[in-house]
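Asker: For the record, in the sequence shown the residue sitting at position 168 is 168 according to UniProt numbering, with numbers rising by one throughout.
Since the hints were made in silico from the structure, they are not lab data. Model, not experiment: these values are computed from the prediction. A few of these clues could be false.
For each label pair, taking beta carbons as the anchor points, the in silico distance ranges come out as [said to hold, decoys possible]:
| id | residue 1 | residue 2 | range |
| --- | --- | --- | --- |
| 1 | 16 | 159 | 46 to 54 Å |
| 2 | 115 | 138 | 28 to 36 Å |
| 3 | 100 | 8 | 31 to 39 Å |
By construction, the Cβ of each residue, glycine as well, lies at the ideal position given by its N, Cα and C atoms.
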Amino acid sequence: MREALRLLASQHLIVTTRGVTGGSFVSHPDAEQLADGLSTGFALLTHSASVGLVDLLELRRALEVPAAGLAAMRRTDSHLAELRGALFDPVIDDFDTMMAAHSAFHRAMSKATGNPLFELVGSPLYQASYGEEVIGVLPEGYWMRIDADHRRLVECLISQDAESATRVAGEHLDFIAEAVR
1 MREALRLLAS QHLIVTTRGV TGGSFVSHPD AEQLADGLST GFALLTHSAS VGLVDLLELR
61 RALEVPAAGL AAMRRTDSHL AELRGALFDP VIDDFDTMMA AHSAFHRAMS KATGNPLFEL
121 VGSPLYQASY GEEVIGVLPE GYWMRIDADH RRLVECLISQ DAESATRVAG EHLDFIAEAV
181 R
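With the hints as extra help, turn the sequences into a complete structure.
Answerer: Below, the structure is given as structure tokens:
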């Protein structure tokens, strides 16, 4: 029984307190806790032979294209500030900085949808570690295009142009897919 309670507590499914009014109670995990659990499972899958970069990009396309449209309609000034803060300079930033900024940008875009489920499901996707494997095959100008796409997406969100945001997001992911083939 104790082992079962410890396992549930380690998965943030219950909270155990001591004392006269203590006991074990069902917890209400937040999106970040759930995303951590998904990230662990996702990392295990992406390091197996059954899930590859193509699979990741297909899923990203299914999520990010409609998310960009929602973000354009629902974004706040705070979201715009977070997206701007996640931009990088491809001329002076190194690979690790650009990878981190790229991930932060897409997490901020998920947040701007106003739907916490996009954040929950999207978060593990942006922690995937495929960057090191593909760095040698990236075409010249790759990071310049990524930066330009991100800036175009921010402009679409500023003008609350959902149609353009979905188009730019689709083009962005199509470019990435083509670049890493």
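Asker: Going back to the hint list, which numbers does this structure go against?
Answerer: none
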